[in-house]
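K.L.:
Assemble the whole structure, with the sequences as input and the hints as a guide.
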Amino acid sequence: MTRRSIRRYKEGKIPEETITTLLKAAMAAPSAHNKQPWRFIVVDDPNILSKVPEYHPYSKMLPNASHAIVVLGDTHVQETDFWVHDCSAATENLLIAAHDLGQRAVWLGDHPHEDRIEETKKLFGVPDHVVPLCIVSLGYPQEPKPPRENYDPAKIHRNHW
3 MTRRSIRRYK EGKIPEETIT TLLKAAMAAP SAHNKQPWRF IVVDDPNILS KVPEYHPYSK
63 MLPNASHAIV VLGDTHVQET DFWVHDCSAA TENLLIAAHD LGQRAVWLGD HPHEDRIEET
123 KKLFGVPDHV VPLCIVSLGY PQEPKPPREN YDPAKIHRNH W
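Quick note: this note's numbering has the sequence shown finishing at residue 163, numbered continuously throughout.
Hints should not be assumed to be uniformly reliable.
Result set (DSS-like, lysine-lysine): computed pairs, CA atoms no more than 27 angstroms apart in a straight line [said to hold, decoys possible]:
1) 124 <-> 37
2) 12 <-> 62
3) 15 <-> 62
4) 62 <-> 147
5) 123 <-> 62
6) 147 <-> 12
7) 123 <-> 26
8) 12 <-> 26
9) 37 <-> 53
10) 124 <-> 62
11) 157 <-> 37
12) 147 <-> 157
13) 123 <-> 15
14) 62 <-> 157
15) 147 <-> 37
16) 12 <-> 53
17) 15 <-> 157
18) 15 <-> 26
19) 53 <-> 157
20) 15 <-> 53
Worth flagging that the hints you see were computed from the coordinates, not collected in a lab.
P.N.:
The following block contains the structure:
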């Protein structure tokens, strides 16, 4: 696996067809009882992107991003906390697809931080029954970042702990 979290982008907008492909990949994720509670807000307005760092401490790269995709869970569709699992799977699919298509991205968590959730809801006009899980920052990488080996056999147990 060569996917890495990338926070530095060069200029250039990701084509809309690519954004659609990323959203299709996200929506191909598994979901509990096939409820598919995910919802997405695609953001390409630099003025909006520049407002997120005012409340989200890890989002300083957003004003330089081509796009951001806010990943949200609809609690009317999935009333249990399974929406968190489902939307996380969708987010990971999106991240892997972005890497495969030459974009780079970073997952910026909102949930479970109530302050970030409320500010994201306010900025994007999100209804009460929809909860922001994260914001994915997307762009073309400013420079290559070598893969990192995270495999650790000490974290693997077979047949029992």
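K.L.:
Decide, hint by hint, whether the structure agrees.
P.N.:
Hint by hint, here is what the structure shows:
As the CA atoms of residue 124 and residue 37 are separated by approximately 26 angstroms, the hinted pair is consistent with the 27 angstroms bound. Under the criterion of a C-alpha separation no larger than 27 angstroms, the hint pairing residue 12 with residue 62 is consistent with the structure, at around 15 angstroms. In summary, the hint linking residue 15 to residue 62 is supported, as the alpha carbons are separated by about 18 angstroms, within the 27 angstroms threshold. For the hint linking residue 62 to residue 147, the alpha-carbon distance of about 19 angstroms falls within 27 angstroms, and the restraint holds.
The hinted pair formed by residue 123 and residue 62 meets the criterion: a straight-line CA distance of about 19 angstroms does not exceed 27 angstroms. Between residue 147 and residue 12 the alpha-carbon distance is near 14 angstroms, which keeps this suggested pair within the 27 angstroms criterion. Taking the CA atoms of residue 123 and residue 26, the gap is about 24 angstroms. The hint holds against a cut of 27 angstroms. The suggested pairing of residue 12 with residue 26 holds, with an alpha-carbon distance near 25 angstroms, which does not exceed 27 angstroms.
Taken as a hint, the residue 37 and residue 53 pair is broken in the structure, with Cα atoms around 32 angstroms apart against an allowance of 27 angstroms. Between residue 124 and residue 62, the direct Cα distance comes to roughly 19 angstroms. Compliance with the 27 angstroms bound is thereby established for this hinted pair. Taken as a hint, the residue 157 and residue 37 pair is broken in the structure, with Cα atoms around 32 angstroms apart against an allowance of 27 angstroms. Between residue 147 and residue 157, the direct Cα distance comes to roughly 25 angstroms. Compliance with the 27 angstroms bound is thereby established for this hinted pair.
At most 27 angstroms may separate the alpha-carbon atoms for a hinted pair to count; residue 123 and residue 15 meet this at roughly 25 angstroms. This hinted pair does not check out: residue 62 and residue 157 have alpha carbons roughly 33 angstroms apart, beyond 27 angstroms. This hinted pair does not check out: residue 147 and residue 37 have alpha carbons roughly 36 angstroms apart, beyond 27 angstroms. Our distance criterion of 27 angstroms between C-alpha atoms is met by residue 12 and residue 53, whose separation comes to about 20 angstroms.
A distance of roughly 40 angstroms separates the Cα atoms of residue 15 and residue 157; the hinted pair therefore is violated under the 27 angstroms criterion. With a CA separation close to 19 angstroms, the supplied pair residue 15 and residue 26 stays within the 27 angstroms bound. Our distance criterion of 27 angstroms between C-alpha atoms is broken by residue 53 and residue 157, whose separation comes to about 39 angstroms. With a CA separation close to 19 angstroms, the supplied pair residue 15 and residue 53 stays within the 27 angstroms bound.
When the structure is compared with the earlier hints, violations turn up for hints 9, 11, 14, 15, 17, 19 and for no others.
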